[in-house]
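Protein chains in written order, with this note's numbering: chain A, 1 to 101; chain B, 1 to 651; chain C, 1 to 184.
Just so you know, these hints were derived from the structure itself, not from any lab. Heads up, a few of these hints could be off.
[Said to hold, decoys possible] Here are the simulated DMTMM-like pairs of lysine to aspartate or glutamate, each with C-alpha atoms no more than 25 Å apart in a straight line:
1. B:K551 - B:D372
2. C:K141 - C:E81
3. B:K636 - C:E92
4. A:K88 - C:D150
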Amino acid sequence: MPSLPELGIYFSLLLFIVGLFGVMFRKNIIFMMLSVEIMLNAANLAFISASALTNTIDGQVVMFFVMAVAACEAGIGLALIISLYRAKSSIEIDDLRMLRG
Amino acid sequence: MNNQIILALIVLFPLIGALLNAFVLRKTSVVVVCLTATLAVAIPFILSLILFFGSITAGTPVITELFDWISVPLINGKEFNISFALTADRLSGLFLLVITGVGTLIHLYSGEYMHHEKNPYRFFVYLNLFIVSMLLLVLGSNMLVTFLGWEGVGVCSYLLIGYWYEDTANSMAAIKAFIANRVGDAGFLIAMFFCYMLFKTINYSELASVIAATPQTFFIDHSIEITLIGLCLLLGVAGKSAQIPLYTWLPDAMAGPTPVSALIHAATMVTSGIYLMNRMSFVLVLSPTVMTTIAIIGAATAILSATIGFAQTDIKKVLAYSTCSQLGYMVLACGVGAFQYGVSHVITHAFFKACLFLGAGSVIHAMHHEQDIRKMGGLFKKMPITSITFIIATLAIIGFPGFSGFFSKDAILAAAWSGPFGNPILWFVGWITAGFTAFYMLRLTWLVFFGQSRAEHPEHIHETNFVITIPLIILAVFSALGGLIAIPEVFTGHEDFITRFLSPVLLQAQDILKSSGIHTNHLSHSMEFGLMAASVAIVFVGAIFAVTVYKNGPQGGERFANAFGGFYRLVRDKWRVDKLYNLIIYQPLAHFGKFLFRIIDRKVIDGVVNGIPETLYTGTSVASDAQSGMARNYLKFIYVGVFVFGLILFL
Amino acid sequence: MAIQISFLIMGILAVFLSGMMITRKWPVTAAMLLIIIMMLLAGMYGVLGAHFSAVAQIIVYAGAIMVVFVFVIMLLNLPPEELRYGRITINEIILIGIGFLGALFLGTKVGLGYLVSGLNSTTLINARPPYYPAEMNENVKNVSTLMFTDYLWAFEIVSFLILAAIVGSIVIAKKAKVNNAKSS
Numbered sequence: 001m002p003s004l005p006e007l008g009i010y011f012s013l014l015l016f017i018v019g020l021f022g023v024m025f026r027k028n029i030i031f032m033m034l035s036v037e038i039m040l041n042a043a044n045l046a047f048i049s050a051s052a053l054t055n056t057i058d059g060q061v062v063m064f065f066v067m068a069v070a071a072c073e074a075g076i077g078l079a080l081i082i083s084l085y086r087a088k089s090s091i092e093i094d095d096l097r098m099l100r101g
Numbered sequence: 001m002n003n004q005i006i007l008a009l010i011v012l013f014p015l016i017g018a019l020l021n022a023f024v025l026r027k028t029s030v031v032v033v034c035l036t037a038t039l040a041v042a043i044p045f046i047l048s049l050i051l052f053f054g055s056i057t058a059g060t061p062v063i064t065e066l067f068d069w070i071s072v073p074l075i076n077g078k079e080f081n082i083s084f085a086l087t088a089d090r091l092s093g094l095f096l097l098v099i100t101g102v103g104t105l106i107h108l109y110s111g112e113y114m115h116h117e118k119n120p121y122r123f124f125v126y127l128n129l130f131i132v133s134m135l136l137l138v139l140g141s142n143m144l145v146t147f148l149g150w151e152g153v154g155v156c157s158y159l160l161i162g163y164w165y166e167d168t169a170n171s172m173a174a175i176k177a178f179i180a181n182r183v184g185d186a187g188f189l190i191a192m193f194f195c196y197m198l199f200k201t202i203n204y205s206e207l208a209s210v211i212a213a214t215p216q217t218f219f220i221d222h223s224i225e226i227t228l229i230g231l232c233l234l235l236g237v238a239g240k241s242a243q244i245p246l247y248t249w250l251p252d253a254m255a256g257p258t259p260v261s262a263l264i265h266a267a268t269m270v271t272s273g274i275y276l277m278n279r280m281s282f283v284l285v286l287s288p289t290v291m292t293t294i295a296i297i298g299a300a301t302a303i304l305s306a307t308i309g310f311a312q313t314d315i316k317k318v319l320a321y322s323t324c325s326q327l328g329y330m331v332l333a334c335g336v337g338a339f340q341y342g343v344s345h346v347i348t349h350a351f352f353k354a355c356l357f358l359g360a361g362s363v364i365h366a367m368h369h370e371q372d373i374r375k376m377g378g379l380f381k382k383m384p385i386t387s388i389t390f391i392i393a394t395l396a397i398i399g400f401p402g403f404s405g406f407f408s409k410d411a412i413l414a415a416a417w418s419g420p421f422g423n424p425i426l427w428f429v430g431w432i433t434a435g436f437t438a439f440y441m442l443r444l445t446w447l448v449f450f451g452q453s454r455a456e457h458p459e460h461i462h463e464t465n466f467v468i469t470i471p472l473i474i475l476a477v478f479s480a481l482g483g484l485i486a487i488p489e490v491f492t493g494h495e496d497f498i499t500r501f502l503s504p505v506l507l508q509a510q511d512i513l514k515s516s517g518i519h520t521n522h523l524s525h526s527m528e529f530g531l532m533a534a535s536v537a538i539v540f541v542g543a544i545f546a547v548t549v550y551k552n553g554p555q556g557g558e559r560f561a562n563a564f565g566g567f568y569r570l571v572r573d574k575w576r577v578d579k580l581y582n583l584i585i586y587q588p589l590a591h592f593g594k595f596l597f598r599i600i601d602r603k604v605i606d607g608v609v610n611g612i613p614e615t616l617y618t619g620t621s622v623a624s625d626a627q628s629g630m631a632r633n634y635l636k637f638i639y640v641g642v643f644v645f646g647l648i649l650f651l
Numbered sequence: 001m002a003i004q005i006s007f008l009i010m011g012i013l014a015v016f017l018s019g020m021m022i023t024r025k026w027p028v029t030a031a032m033l034l035i036i037i038m039m040l041l042a043g044m045y046g047v048l049g050a051h052f053s054a055v056a057q058i059i060v061y062a063g064a065i066m067v068v069f070v071f072v073i074m075l076l077n078l079p080p081e082e083l084r085y086g087r088i089t090i091n092e093i094i095l096i097g098i099g100f101l102g103a104l105f106l107g108t109k110v111g112l113g114y115l116v117s118g119l120n121s122t123t124l125i126n127a128r129p130p131y132y133p134a135e136m137n138e139n140v141k142n143v144s145t146l147m148f149t150d151y152l153w154a155f156e157i158v159s160f161l162i163l164a165a166i167v168g169s170i171v172i173a174k175k176a177k178v179n180n181a182k183s184s
């Protein structure tokens, strides 16, 4: 059996993939953002595990910063969702195709 | 002021005049513009007089080296050096006086003639530029400066013929003139290249000394090249001086304003070919073939255009064909080896033809731009000054005894009989042409000035004002007296002035002729008188015939025309030369052009030009399809990318 | 051993619940599941010795961020027809498989492989005094010491980022209102 930090890395991998699938296959922006949160958490778990694996605490500091950035992302993203919903009466990602080439 | 500076100023003044008119005075009245332009030519005329009677007549050429124009180191270590230098020797000096003198009068005349134009400054800018170019042409120390002027006069001629460019016919005439000139220019250029190839210089004086120092065997070895130089020069001359086969542009060039016809297409530009032949005489005489060809072309042009002159009804067209014919005389003179008589005819022709054209312009001005001689007549009483000057000039051109044309033309005819390359057949052609000239000129004069008035509103016609008549009077005086420069030996007992005056320029050519065994057959005095009498006789015959036929107006000519039938139509249609050119040159080129347009341009070039963006568009539309705007798709791309990246690292 | 088993259970549960979460129909349910996932993750952090991170995870993530989510979800009050699932095609199933494999490769080979090799090398260890679970009770002190010394610049920059995010979210959410007011 692998040690705990190694297990943590594997779990973070799985969580990340699940989050990725969520972003990829849900059309609802709120679900996409929730999935992004899962991905960020997976990254955090990887940082913490790496921190334990290497016996350093840098990973934990970085996890704190990631959390701060995630808070920003959530704030901006949710504000965008609100204004988008006002403008388009829809939060389906496929309805937002203004970037089409 | 020393002579060098004067020479430079002569060229500089018209240039300054052109610039002033083009950029400073363009909004001012026609009087200011005209005065500026006229002064810009009149001052050089005075300077030319100073120069001419100062040092040129004394025999020392004035040379001004303005700057090094082209300086290229060659592979063999030498340097190809062409300086922008001006040389005024006796030949240039004569042309200088004609250009600036006649030019001044015509500038003055234009002030009245172009009075009603919207933007007269344009006209005067072109005229001044023309004078600059023409001066460069005759003053250039080497072939390249001459070529610069040669091109410049072509451009100015193009601009001035197309001055009334709103009219398509004028633009077409301008283009025709320009293209015909280009053909000639190409000939001149090739001749220049050959000259450099053979003699390693294109400077006239160096060329002369190189040829003088070159052994006879060299010329024999390179006879083909030398003949080619001569023929290419002849092509250049044919282009500028309207000789067969390129003469067709000159009659069409009459679409331009009449002062232009007088200055460019009668007095100066068209005579630049004669200047060039004089300047290059020592090269031309190296090849008898070239000389004979020149003489034949001159004679053929003279008689061909004289016959066309019979049937023209446009007053300016008649004069244009007459110009062609007279230029043919000059070329004939050069071709038979009597270069100096070509020059003398240039000078007398400049006076009387300018006078004729300006007279015609005066008539046209008075008739409110009516140019058809069938609608004129009876103008003698209404426009006495114009009429008298026109008649004097007519007498001069037909060679009425005592007038200038008589002496200069007879000198040419005598040379055609007895010159180094002379031949009685050439004389005969010239003699017949003299009769033809008398016929069509008298026809013109009679129809315009005598008989009944056939104008629609004869009461409106009155004499033009003094700005027009003063140049006419001056030119008429010179037309009458200009022959003094070529009074033959038989009258005075010593060599004529022009031969003596130009002998330094033509000395080398004569030396070359002497050394190759060709010499002038000296005519006995009785023979000379005989030839003279013959030409006077045919002039009278032609003149009287014309007056008899046309004494009752143009309908007399119709009977005459009916009698000749097919021949008349052929002449009226200008021997169908234009149609022939149209058929053998224009049509194939037009078809070729259409082919190029349809196949090469449309298919190949447009295909390539349009094909590149089309291909790119197709390619990018494929790429832009990937930019679906659907964020989830982008994510899938990232996903696959990450997978590939991981796979690469894993392997 | 008990710790290890609990870690395993928490990890498996977290992955399972996240799978549940992304397949829910109602956003509120998903948000609640996410809160549970975050708490499980906090427990895993605690097991790994990152006490400060575990607490911050619960307070900031599960407490603050998820509240905002739930708040927005409630604010929008989406009708059921807005909550469709995306249709999953065969291609996407293949994509899932390939991606999973790729991620596995990447994770083991690069992530873990690098970390393990880094552990054996001396670079990481020599950089800073090693951190051992024995000193776990000083975790908060160690983390904050590092954060306010070596990572001070990053900390300040993140604070500006948060400031910008606050202003930005206000501007974004408010602008539409101004436009609406103008248009009405």
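Each hint tested on the structure:
1. B:K551 - B:D372: With Cα atoms ~17 Å apart, B:K551 and B:D372 stay inside 25 Å; holds.
2. C:K141 - C:E81: violated, 50 Å
3. B:K636 - C:E92: With Cα atoms ~9 Å apart, B:K636 and C:E92 stay inside 25 Å; holds.
4. A:K88 - C:D150: violated, 46 Å
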